Amino acid sequence: MELILFACAAALYVAATLAALVYLYLKNERVSILMYHLLVAGVVVHLASFGLRLELFWKIPENRYFAPISSFYGALSFLSLAVAVVFAVVEGRHRLGILGAFVLPWAAAGAVGAWWRALYMGGTEIHGLAPALQSYWMNIHPMVLMAAYAIFANAFGVGLALLVQEAQVKSRKPTELCYRLPAIEDLDDLNYRCIVTGFPVLTVGILMGGIWAYGAWGRFWGWDPKETWSLITALVYAAYLHMRSIGGWRGRKSVYMSMVGFACVLFTFIGVNFLSGLHGYLSSNG
Amino acid sequence: MIVLRGVSHKTCPVELRERLAARPAAEALSALREQGLAEAVVLSTCNRFEVYAAGDGDDPGEAVGRALEAWAGRPMGDAAYAKSGAAVVEHLFRVAGGLESLVVGEGEILGQVKTAYEAARQAQMTGKLTNVLFQRAAYVGKLVRSETAVAVGHTSVASVAVDLAERIFGSLHEKEVLILGAGEMAELTSRHLSSCKIGRLVVANRTYERGVELAARFHGEAVRWEEFPARLRTADIVIGSTGSDRPVVTRRTVEEALPSRMGRSLFFIDIAMPRDIEEAVNDLDHVYLYSLADLEGVVKDNVARRRGELEKAARLVETKAAEFAAWERTVGTGAEASLGHVRKTPRGGQGEKS
Chain A
1 MELILFACAA ALYVAATLAA LVYLYLKNER VSILMYHLLV AGVVVHLASF GLRLELFWKI
61 PENRYFAPIS SFYGALSFLS LAVAVVFAVV EGRHRLGILG AFVLPWAAAG AVGAWWRALY
121 MGGTEIHGLA PALQSYWMNI HPMVLMAAYA IFANAFGVGL ALLVQEAQVK SRKPTELCYR
181 LPAIEDLDDL NYRCIVTGFP VLTVGILMGG IWAYGAWGRF WGWDPKETWS LITALVYAAY
241 LHMRSIGGWR GRKSVYMSMV GFACVLFTFI GVNFLSGLHG YLSSNG
Chain B
1 MIVLRGVSHK TCPVELRERL AARPAAEALS ALREQGLAEA VVLSTCNRFE VYAAGDGDDP
61 GEAVGRALEA WAGRPMGDAA YAKSGAAVVE HLFRVAGGLE SLVVGEGEIL GQVKTAYEAA
121 RQAQMTGKLT NVLFQRAAYV GKLVRSETAV AVGHTSVASV AVDLAERIFG SLHEKEVLIL
181 GAGEMAELTS RHLSSCKIGR LVVANRTYER GVELAARFHG EAVRWEEFPA RLRTADIVIG
241 STGSDRPVVT RRTVEEALPS RMGRSLFFID IAMPRDIEEA VNDLDHVYLY SLADLEGVVK
301 DNVARRRGEL EKAARLVETK AAEFAAWERT VGTGAEASLG HVRKTPRGGQ GEKS
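Line by line, the protein sequences give chains A and B.
All letters in the first sequence, in the order written, are residues 1 to 286 by the working numbering.
All letters in the second sequence, in the order written, are residues 1 to 354 by the working numbering.
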């Protein structure tokens, strides 16, 4: 049941993404509104599925009151939920429906990826948490980091839109797309605001991990691949913020930098799992 | 039965249109009343002069035609068109939607249709048929513009330039515009810009006094010609309109200003002939250069795009005209069909009874 609901949520995200893409090419406000409704419906169904999973997860006493994100399926599902929610907030506040085409694919890909994995590779069965993970930090550390990832995914989408808009204006032959996308400077500003919000969240998340590690393993930092890569990610975004505020990097250049940051996020989230023992919920020995 | 007699830019030379349009609406309406017409609306714009009328007489069209010829002072011949019944409804919907306009989809006509109706209403020359028809026309006019792309994209060089500036900066509220030159083009541009909300207008001209004069007229600031390269550090939009036969803004000048701009966008609009701004400026990061030819290219694309939407818009108008015809047939039969939006008007409004 949980998986069926989750598949519905994934389908709704895909539908919202398609609506966003259609809106990109047809000037029709109703499609944009449809996209928003599909997205909100997706979030609601997703929350329901998450709630069901929570109930099952908490049936195991040692899991009680911890978030079910210790498996890759759980983590990816939660991440796509976060991306969808962050975008719903951004969209609700700025009414930039057009950005859906650049952000929602991430939510859809995350959800479909999680569903695919659950269907063909298993991983939805619920285990008791390893003793090291039975800590209140389990509810904070990964959540905070995934919130940061979701914000960065939005920043990435905004950055992509900026590149498109910049090329449009620069070409001197703007197509209709140019009139749909927000202004270059506004996109630049939004990209910056996402990252300036995401960066402290990421930093705090990493520090929390250190504190947890100190409690669990007796050391604050152990150069585990996940730790290393999250540090690299944080450094890239710090460099972005630095170059933007002091180096006068804006527009295309700073967007490239933020995209490098997002590539690091993806690698930290997915790639590193194959390397890391301690954070390896993908290799499912976490 | 509703009839239409009129002339437009498609059928009639401009002198005749001007002669017809010279007549104030109120006067035209009272003349039509004297002809025995109960309902009449006179739509008079630069490009068309049309009389929509309804009456019980043998042929309201005849009366309108006579009035038109009297005003024009000569027989109309092929210059005027005559329509009646459903064709009138479709025509008015097309006009309101901007499908009959010189520039397809232009927005002014919708306001003119409303004004024409309002004038008729005040002259007590409207009745049930014209009331519903013109309210419906205003609605269809809006619908056509929102449901199709006939009104998308600006169609004048000046508004395209402003639009592009907004694509770059978003709001132009706090933006600084630097105008190079103080000639006729500079003046036109300043006038256009002062109607948009911009932060500050700065004029740099070789003859300082003329720059001061122009700046004073548009509440701007004048700077000496030698100072303009320094102004490139703060300006957001630069308009080249000098009479110089060589570019006055070179790639080097811009490059020197860039470091202190901290990556803010810089938009050059070159409306000078020959050009004022070196082409290579567009290769710089955060710098966008549009020449007059580029802007004209955008206008041409926009006009073409609007034309491409004509068929879709025409289909929409046809549907709406058919709806109206169905309503008209039911009037007076006691089982009046609903027209959707008409029902939404507040109940108990006595305004229409006049």
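Misleading hints may appear alongside valid ones.
Think about it this way: if two alpha-carbon atoms lie no more than 16 Å apart in a straight line, the pair counts; the simulated EDC-like pairs of lysine to aspartate or glutamate are [said to hold, decoys possible]: (1) Lys253(A) with Asp163(B); (2) Lys300(B) with Glu176(A); (3) Lys170(A) with Glu318(B); (4) Lys142(B) with Glu166(B); (5) Lys170(A) with Glu166(B); (6) Lys173(A) with Glu108(B); (7) Lys300(B) with Asp163(B); (8) Lys142(B) with Asp301(B); (9) Lys142(B) with Glu309(B); (10) Lys253(A) with Asp301(B); (11) Lys173(A) with Asp301(B); (12) Lys173(A) with Asp224(A); (13) Lys170(A) with Asp163(B).
Source of the hints: derived by calculation from the structure; they are not laboratory data.
These numbers come from a predicted model, not from an experiment.
Status of each hint after checking the structure:
A C-alpha spacing of about 25 Å is found between Lys253(A) and Asp163(B), which places the hinted pair above 16 Å, so the restraint is violated. Taking the CA atoms of Lys300(B) and Glu176(A), the gap is about 13 Å. The hint holds against a cut of 16 Å. With a C-alpha separation of about 40 Å, the suggested pairing of Lys170(A) with Glu318(B) is violated against the 16 Å cut-off. With a CA separation close to 24 Å, the supplied pair Lys142(B) and Glu166(B) exceeds the 16 Å bound.
The straight-line distance between the Cα atoms of Lys170(A) and Glu166(B) is roughly 14 Å, inside the 16 Å bound, and the hint therefore holds. Annotation: proposed proximity of Lys173(A) to Glu108(B) is violated, straight-line Cα distance about 27 Å (limit 16 Å). Restraint check for Lys300(B) and Asp163(B): the C-alpha separation of about 15 Å stays at or below 16 Å, so the hint holds. A threshold of 16 Å between alpha carbons decides the hint, and for Lys142(B) with Asp301(B) the separation of about 23 Å lies outside it, so the pair is violated.
Distance restraint check for Lys142(B) and Glu309(B): the Cα-Cα separation of roughly 15 Å lies within the 16 Å cut-off, and the hinted pair is therefore satisfied. The straight-line distance between the Cα atoms of Lys253(A) and Asp301(B) is roughly 30 Å, outside the 16 Å bound, and the hint therefore fails. Straight-line distance between C-alpha atoms of Lys173(A) and Asp301(B) comes to about 9 Å, which keeps the hinted pair within the 16 Å bound. At most 16 Å may separate the alpha-carbon atoms for a hinted pair to count; Lys173(A) and Asp224(A) exceed this at roughly 50 Å.
Distance hint between Lys170(A) and Asp163(B) is fulfilled; the C-alpha atoms sit about 14 Å from each other, no more than 16 Å.
Hint compliance for this structure: hints 1, 3, 4, 6, 8, 10 and 12 are broken, all remaining hints hold.
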